[in-house]
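As given, the protein sequences belong to chains A and B, one line each in that order.
Per the working numbering, residue 364 is the first one in the first sequence, and the count goes up by one each step.
Per the working numbering, residue 3 is the first one in the second sequence, and the count goes up by one each step.
No wet-lab data here; the hints were simulated from the structure.
Hints are all accurate, no fakes.
Examples of chain B residues lying across from chain A (beta carbon under 10 Å, computed): (1) 52; (2) 87; (3) 89; (4) 120; (5) 142; (6) 155; (7) 169; (8) 194; (9) 199.
Just the calculated beta-carbon pair ranges, DEER-fashion: (10) 197(B) - 558(A): 39 to 47 Å; (11) 186(B) - 529(A): 28 to 36 Å; (12) 196(B) - 554(A): 42 to 50 Å.
Bear in mind the structure is a predicted one, so any value in this text is a computation, not a measurement.
Cβ atoms here follow ideal geometry from the backbone N, Cα and C, with glycine treated the same way.
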Amino acid sequence: MPVTSPADTAPLAQTLALLGLHGLGTADLLQLLLHFTVLSMLAVGGAITTATDMHRYLVQEQGWLNDTEFNASIALAQAAPGPNILFVALLGLHSAGMAGVVLAMLGIMLPSSAVALVVGRLRRANREAVALRAFTAGLTPLTLGLLVSTGWVLTSPTRAHWGTWALLAVTVVLNVRTRLSPMWLIALGAVVGMLGLVG
Amino acid sequence: MAEPQRPTTADGAAAPPATPVTELRRPGSLAEVYRVFTRMALQGFGGVLPVAHRELVERERWMSPQGFLEVLSLSQVLPGPNVVNLAIIFGDRHFGWRGALAATAGMLSVPMLVVLVLALICRQAADLPLVTGALRGMGVVAAGLIIGTAVKLAGTLSKNPLGLPLALGVGAMTFAMVGLLRWPMVWVVLGLGALGMAAAWWRITHQARGPAR
Chain A
364 MPVTSPADTA
374 PLAQTLALLG
384 LHGLGTADLL
394 QLLLHFTVLS
404 MLAVGGAITT
414 ATDMHRYLVQ
424 EQGWLNDTEF
434 NASIALAQAA
444 PGPNILFVAL
454 LGLHSAGMAG
464 VVLAMLGIML
474 PSSAVALVVG
484 RLRRANREAV
494 ALRAFTAGLT
504 PLTLGLLVST
514 GWVLTSPTRA
524 HWGTWALLAV
534 TVVLNVRTRL
544 SPMWLIALGA
554 VVGMLGLVG
Chain B
3 MAEPQRPTTA
13 DGAAAPPATP
23 VTELRRPGSL
33 AEVYRVFTRM
43 ALQGFGGVLP
53 VAHRELVERE
63 RWMSPQGFLE
73 VLSLSQVLPG
83 PNVVNLAIIF
93 GDRHFGWRGA
103 LAATAGMLSV
113 PMLVVLVLAL
123 ICRQAADLPL
133 VTGALRGMGV
143 VAAGLIIGTA
153 VKLAGTLSKN
163 PLGLPLALGV
173 GAMTFAMVGL
183 LRWPMVWVVL
193 GLGALGMAAA
203 WWRITHQARG
213 PAR
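My request is simple: use the sequences and hints to build the entire structure.
Below, the structure is given as structure tokens:
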């Protein structure tokens, strides 16, 4: 954590700093919007399948946020009520304050929502049509790889600890084999984390 | 599925169906759509989908179970968050684009405020090891939940036209390219995706024509 002077730790100042643009200019902001717009169309299976690429762009390429902030965004959005896509809003917040929130959410939402609106109106959508089946069948293996990818990225800061692997295994097994609500697992994760078992 | 036999009365006429058809209700206004979707989203800890079914099908009776399933299947095939796509399609069917907007706004507006406030609080408390520890643990669980989804998805691959080995192979290649090599996703999806779809198309049309080879 960066060392801050007493004046910097004033809560209001810190909050305002978070809401600011973090030094990002118009060109950067437009690039952010564009990147999320492209990912919107690739997000077959939900925005979480594109999270690896968001990490590549925001953390590795641009350095606008670090691994901790990235992971915390996804974890918090899952724990909080509402659709998990809100993790994108948090990625935007850490990258460029409120402007980031608005641009990231608009980018990730508008293209796919427009498509959903148009396709939803098609009365003659034939589920048995070869084109649709080929589309779904062809992309499902990719979605699988992308989901595992996202899971992999999320464990990267904590992989050295045995607690991480134990918690991961328990979560996967309980999630796949039982109908236990994710909230119990998230609470378990919080407790295990507070005990210092994942670093 | 075969239709169940209707009991006949003494003179041979068919008796009326045993269960009455439940009348579907419709949302009365945009405000009602917004309110119900907000209420739905705020109960959706960890995911809104189960709550969506409870609210739309069971509580409000705005959709039948089959209707819900149909819209959900379509929402999942389309790019984007499936529960948001569901809101858009549902809202649009009743009030056009304004309904789609009201439903989506309900799903996202208040939850976004909540999550932003939570993020700001966590940021302020970031020097407390308990907070950072909790977030780290929750991050691992988030990874586990996502991998759990992947495992469940892998279970459906045996029915994929590509066949299990090829489908798993494509999945593994995707993971290697995007997750390990960190290639930009857009190229991998366009490349592997096009190949996958072409292969699926070929398999589907060839399976339909002749007997199993």
